[in-house]
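Student: Given next are the chains, with one letter for each unit.
Protein chains: 4
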Amino acid sequence: MQYNDALKSIFNELKDWEDLGSMADYIPELAKVNPNKFGIYLSCINGESFTYGDTQEKFSLQSVAKVFSLSLAYSIEGARLWDRVGVEPSGNSFNSLWQLEYENGIPRNPFINSGALVVCDVLCSILDNPKADFLQFVRKIAGNPNLNFNPAVAKSEQETGHRNHALVDFMKSYGNIENPTEKVLDFYFNLCSLEMTCEALAKSFLIFANGGKTVEDNLQLLSSVRIKRVNAIMQTCGFYDEAGEFAFRVGLPGKSGVGGGIAAIHPGHYAVAVWSPRLNDKGNSSKGMKALEMLTTKLELSIF
Amino acid sequence: MQYNDALKSIFNELKDWEDLGSMADYIPELAKVNPNKFGIYLSCINGESFTYGDTQEKFSLQSVAKVFSLSLAYSIEGARLWDRVGVEPSGNSFNSLWQLEYENGIPRNPFINSGALVVCDVLCSILDNPKADFLQFVRKIAGNPNLNFNPAVAKSEQETGHRNHALVDFMKSYGNIENPTEKVLDFYFNLCSLEMTCEALAKSFLIFANGGKTVEDNLQLLSSVRIKRVNAIMQTCGFYDEAGEFAFRVGLPGKSGVGGGIAAIHPGHYAVAVWSPRLNDKGNSSKGMKALEMLTTKLELSIF
Amino acid sequence: MQYNDALKSIFNELKDWEDLGSMADYIPELAKVNPNKFGIYLSCINGESFTYGDTQEKFSLQSVAKVFSLSLAYSIEGARLWDRVGVEPSGNSFNSLWQLEYENGIPRNPFINSGALVVCDVLCSILDNPKADFLQFVRKIAGNPNLNFNPAVAKSEQETGHRNHALVDFMKSYGNIENPTEKVLDFYFNLCSLEMTCEALAKSFLIFANGGKTVEDNLQLLSSVRIKRVNAIMQTCGFYDEAGEFAFRVGLPGKSGVGGGIAAIHPGHYAVAVWSPRLNDKGNSSKGMKALEMLTTKLELSIF
Amino acid sequence: MQYNDALKSIFNELKDWEDLGSMADYIPELAKVNPNKFGIYLSCINGESFTYGDTQEKFSLQSVAKVFSLSLAYSIEGARLWDRVGVEPSGNSFNSLWQLEYENGIPRNPFINSGALVVCDVLCSILDNPKADFLQFVRKIAGNPNLNFNPAVAKSEQETGHRNHALVDFMKSYGNIENPTEKVLDFYFNLCSLEMTCEALAKSFLIFANGGKTVEDNLQLLSSVRIKRVNAIMQTCGFYDEAGEFAFRVGLPGKSGVGGGIAAIHPGHYAVAVWSPRLNDKGNSSKGMKALEMLTTKLELSIF
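The listed protein sequences correspond, in order, to chains A, B, C and D.
Residue 1 is where the first sequence starts when you use the working numbering, and the numbers rise one by one after that.
Residue 1 is where the second sequence starts when you use the working numbering, and the numbers rise one by one after that.
Residue 1 is where the third sequence starts when you use the working numbering, and the numbers rise one by one after that.
Residue 1 is where the fourth sequence starts when you use the working numbering, and the numbers rise one by one after that.
Heads up, some of the hints might be wrong.
Intra- or inter-copy, both count: the list cannot distinguish identical chains.
[What the hints assert, rightly or not] Dumping the calculated DSS-like pairs for lysine-lysine here, alpha-carbon to alpha-carbon at most 30 Å:
{"id": "1", "residue 1": "K290", "residue 2": "K8"}
{"id": "2", "residue 1": "K183", "residue 2": "K58"}
{"id": "3", "residue 1": "K213", "residue 2": "K298"}
{"id": "4", "residue 1": "K37", "residue 2": "K58"}
{"id": "5", "residue 1": "K155", "residue 2": "K183"}
{"id": "6", "residue 1": "K58", "residue 2": "K8"}
{"id": "7", "residue 1": "K8", "residue 2": "K298"}
{"id": "8", "residue 1": "K37", "residue 2": "K155"}
{"id": "9", "residue 1": "K140", "residue 2": "K213"}
{"id": "10", "residue 1": "K37", "residue 2": "K140"}
{"id": "11", "residue 1": "K58", "residue 2": "K140"}
{"id": "12", "residue 1": "K183", "residue 2": "K290"}
{"id": "13", "residue 1": "K183", "residue 2": "K140"}
It should be emphasised that the hints constitute simulated quantities derived from the structure, not laboratory data.
Between the sequences and the hints, there should be enough to build the whole structure, so can you do that?
Tutor: Laid out in structure tokens, this is it:
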């Protein structure tokens with residue numbers, strides 16, 4: 001089946017699908033979003049794109065944005081980054097302190113909260129203006145000068161972020177955080193508050209499907225080897241404790257966020273972004289997971 | 001770089017590489033193997049094949065064989081299989097009872113010991129002659145009537161298999177084992193004792209690179225959808241607590257065993273088998289991991 | 001308040017107390033017991049004794065009997081015993097494999113299942129006829145030739161004892177079990193099936209209140225130093241994951257069993273046995289706990 | 001043996017005993033103490049007292065002081081306190097976040113760090129001037145107006161207290177901390193910095209041996225029932241992951257601190273304080289443990 005036919009049929013089947021998921025309510029600002037929003041946008045590396053539903057409305061990227069912070073830190077630090085954070089699936093819920101204690105303050109991977117916080121600490125150490133420099137990086141790879149943080153969401157997370165506070169202090173006790181706790185958290189909460197439409201998200205992920213080159217200008221912004229490695233981490237660690245399920249059912253590298261967004265890529269072919277705010281009990285968009293499973297089934301094409 | 005050039009250069013670089021890994025010594029029969037053996041065999045779906053080193057000598061597949069038992073059980077049971085075993089990475093060492101207790105006797109995936117034992121139990125329930133029927137299945141997908149268990153190895157494992165005994169009894173206490181403990185273990189230890197040469201192993205994995213069809217006769221022995229799912233499980237769970245590292249460094253679905261063998265596939269392209277008995281501290285062949293990392297680097301081609 | 005007044009008032013208050021606990025139903029034979037049985041028997045080292053309720057009916061000691069097996073093993077092995085089992089509270093449910101794995105097959109204490117199984121293994125190694133010799137020992141310290149195992153209960157446990165099977169095999173994988181699994185389990189299930197009336201149980205525990213001497217003949221059957229240490233272990237480990245609660249509310253060394261019995265002692269004063277089959281969610285007799293709490297409150301006397 | 005003879009012989013045997021323990025070095029200010037200090041002071045409820053060694057030099061109470069904060073909080077809050085902290089041994093190292101996560105932010109007991117922090121939070125909520133009011137309480141039960149915090153030690157702990165910071169924030173994420181993190185920690189670090197001589201410490205613990213009454217004036221400052229319960233918690237939880245060992249070898253309720261002090265009591269008889277800064281691998285004074293074991297052995301008298 002062709003891309004457009006596949007997306008059209010997915011959208012029609014799912015738009016009235018009864019979604020038993022519930023909103024992320026621990027961040028008050030996110031709980032205000034209309035839970036019935038649903039959009040899917042697919043952008044090919046040949047320039048074509050396909051859109052259905054609410055793809056022009058901004059939503060909060062949350063953990064999806066951790067792919068960008070990882071990419072930036074990795075592009076500057078190189079392999080030294082892996083002294084401070086691993087690349088293994090966590091096998092536990094995304095906030096767990098267990099394994100962090102068992103493994104002496106080295107987070108299992110850069111997508112669980114602790115690992116993303118270490119990446120933020122790394123960026124706080126190497127960037128002059130972490131928030132501004134990071135935003136500039138994202139705008140560049142997305143080819144989109146209008147991307148921004150949402151200060152209300154960042155503030156909302158700050159006020160309920162005791163557990164992330166605990167994670168930073170805990171890792172500091174192992175010597176794996178260099179900057180002041182508040183500075184790391186301020187960067188982290190802003191990172192999570194990054195907003196995009198489905199269209200912008202799909203386009204910003206094209207670089208991961210295209211070996212590190214921008215599609216428009218063919219500029220090599222990230223090295224091809226590192227792009228593959230970031231994709232591999234997305235595949236094994238991108239969906240909290242459901243990474244195996246996503247590989248099994250969808251078969252693409254991707255990353256989800258509690259704002260209900262998921263971005264995924266088929267290397268050499270396309271990037272796709274889907275948004276639906278209701279989450280399953282593992283914290284991933286339930287309709288989004290379903291849509292992407294239908295996509296690779298209908299296209300009869302995954303990386304496996 | 002072409003396949004032959006890549007393999008040749010890998011073989012020459014690694015044959016004198018100082019390997020600090022050590023043999024699996026908890027199975028006495030395996031400890032007798034010459035630790036310096038090293039072979040690599042790559043078999044393309046177009047019929048070409050390339051061989052360097054000790055590729056005509058049989059070795060013990062051990063956990064690599066769990067890909068075959070999973071494939072057989074899945075082909076008969078279908079999705080019901082996932083009621084009894086998950087598809088998530090374990091995030092712990094391959095013998096761990098922790099998560100099994102935490103998750104009420106349902107193993108995280110079919111490649112950790114507990115999960116492989118559940119798969120054996122499933123096969124004991126549905127096959128008339130589990131060992132013979134299984135052997136026939138492997139011979140068929142491998143296109144090789146000469147494959148066999150190694151009774152000395154099976155017996156050697158039986159005598160030191162207290163922990164696997166414990167796993168079966170433990171899962172029985174949760175109602176997730178149907179057959180007598182001894183029957184399940186006898187099948188399991190025979191499964192692990194399956195022997196192949198690198199050549200036979202690469203050829204038996206071609207079906208996973210070829211969407212479930214045999215390369216010789218183009219017969220659809222396993223469904224294309226299920227092959228993709230088995231590949232996905234290999235990707236996220238195939239290397240004990242180093243699955244993320246293998247995805248990160250190699251970027252192919254694969255499976256390792258403590259006999260020092262690794263089989264991996266690039267869907268649509270090839271299957272490759274490598275054998276070197278010294279293991280790293282995660283239980284994977286250290287030279288084998290290195291060889292496959294060099295392979296995808298030299299070919300500049302992985303699934304990511 | 002005097003002993004008799006205290007017991008009388010406790011019995012009257014509690015005999016119609018609505019007990020929300022439930023029976024141990026995982027051992028079919030135990031589930032047949034009348035759940036409303038209730039008896040309490042207090043035996044002083046000066047020879048006096050006091051009895052209320054169902055104190056002449058036999059019940060299954062279950063884990064209470066582990067005090068006897070520990071005492072016998074300790075009296076023969078001495079301090080060497082602590083190389084194979086610890087004396088620390090477990091901080092987990094009584095069946096947990098977690099800490100056993102974390103601590104390399106050395107159970108935390110002799111009263112959790114794993115620790116009691118190690119003690120059984122020790123006795124299997126040093127006794128000619130483990131079951132008969134053990135029974136003789138218990139009869140001697142109890143001054144009661146009529147004590148016996150209950151074969152129907154032992155058999156009932158054997159048939160559902162997969163988890164204990166797993167524990168033995170698991171510890172065997174660490175080298176902490178010497179005898180055949182079936183032999184250790186046979187002894188263990190018989191030990192647990194030991195039956196006594198409240199009167200017999202209180203009298204058999206007098207030796208722990210009397211520094212190791214029998215009350216009738218003043219014979220030093222166990223050394224005074226070791227009696228104190230067994231009492232200390234009862235205090236810190238005698239009530240599964242409720243040992244702290246029992247110390248806090250009752251303030252006496254004691255041991256409970258899932259048959260609904262509890263034995264406790266006030267060193268230098270008395271031994272007391274209570275029986276009521278309904279268990280709280282930690283596996284201890286709920287009315288028994290309550291009765292003993294009222295006892296030390298009314299007597300205004302505990303070891304603290 | 002009489003008290004004086006016992007102490008004299010213990011002191012002489014141990015003063016040249018080769019102590020392989022090491023100082024607590026994670027608090028810089030504590031690492032400055034002379035590691036060879038050794039003193040023991042025993043104070044009877046009949047007014048007699050016995051002293052050997054360095055009993056007139058102040059040292060840092062550290063966790064020993066948690067007995068006082070618990071006593072004050074319990075005397076004001078009563079049984080409500082147990083909604084926020086348990087009374088069970090932890091079965092893990094004293095800093096562990098594991099069980100805290102497993103049990104939803106309710107610490108296992110008031111002596112592990114997390115539990116002591118909750119008690120500090122309770123006192124911050126109910127006292128007008130937490131530090132001053134607490135100091136007044138300790139001076140009163142100790143009958144000693146000269147007791148004080150050590151600001152240099154408190155400051156030293158504050159600067160390295162990332163893990164305690166993490167614990168407070170983590171419990172705040174479960175709603176089990178009411179006050180600002182910094183306020184709770186400031187109180188906690190001052191509490192731990194409380195200084196006493198062996199003599200002062202033994203005298204301040206007399207009230208726990210005397211049913212809540214002061215020995216000098218016979219004033220009932222704490223209720224007899226609550227004193228027993230605090231004693232019970234000391235018995236089951238007072239020595240980190242060595243509480244069972246202390247009950248087993250010493251047989252008295254007590255509490256240790258990383259400053260090298262231990263206080264213990266024999267209800268109805270005496271309180272004893274010992275100080276020796278070298279710690280064993282569980283964080284308890286190694287010579288102190290040894291001295292108290294010899295004490296109850298020589299006196300042939302413990303609570304068991």
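Student: Each hint should be assessed against the structure and marked as holding or not.
Tutor: Each hint, compared with the structure:
1. When the C-alpha separation of K290 and K8 is checked against a cutoff of 30 Å, the pair qualifies only within one copy, where the shortest distance is 14 Å, while the shortest distance between copies is 44 Å.
2. Taking CA atoms no more than 30 Å apart as the test, K183 paired with K58 passes inside one copy only; the shortest distance there is 26 Å, against 40 Å between copies.
3. Both within a single protomer and between protomers do K213 and K298 lie at most 30 Å apart by alpha-carbon distance, with minima of 28 Å and 20 Å respectively.
4. Proximity of K37 to K58 under the C-alpha cut-off of 30 Å is restricted to the intra-copy arrangement: shortest distance 11 Å within a copy versus 58 Å between copies.
5. For a Cα distance limit of 30 Å, the shortest separation of K155 from K183 qualifies both inside one copy, at 14 Å, and across copies, at 23 Å.
6. In this assembly of identical chains, K58 and K8 lie within 30 Å of each other by CA distance solely inside one copy; the values are 21 Å within and 52 Å between copies.
7. In this homomeric assembly, K8 and K298 come within 30 Å of each other (Cα to Cα) only inside a single copy, at 11 Å, whereas the closest approach across copies is 40 Å.
8. In the homo-oligomer, the alpha carbons of K37 and K155 lie at most 30 Å apart inside one protomer (24 Å), although the nearest pairing across protomers, at 52 Å, exceeds that limit.
9. Proximity of K140 to K213 under the C-alpha cut-off of 30 Å is restricted to the intra-copy arrangement: shortest distance 11 Å within a copy versus 44 Å between copies.
10. For a Cα distance limit of 30 Å, the shortest separation of K37 from K140 inside one copy, 28 Å, qualifies, whereas the shortest one across copies, 50 Å, does not.
11. In this assembly of identical chains, K58 and K140 lie within 30 Å of each other by CA distance solely inside one copy; the values are 18 Å within and 53 Å between copies.
12. Taking the shortest alpha-carbon separations for K183 and K290, neither the intra-copy value of 38 Å nor the inter-copy value of 40 Å comes in at or below 30 Å.
13. For the identical chains of this complex, K183 and K140 are intra-copy neighbours only, at 24 Å inside a copy versus 44 Å across copies, given an alpha-carbon limit of 30 Å.
Consistency with the previously given hints fails for number 12 only.
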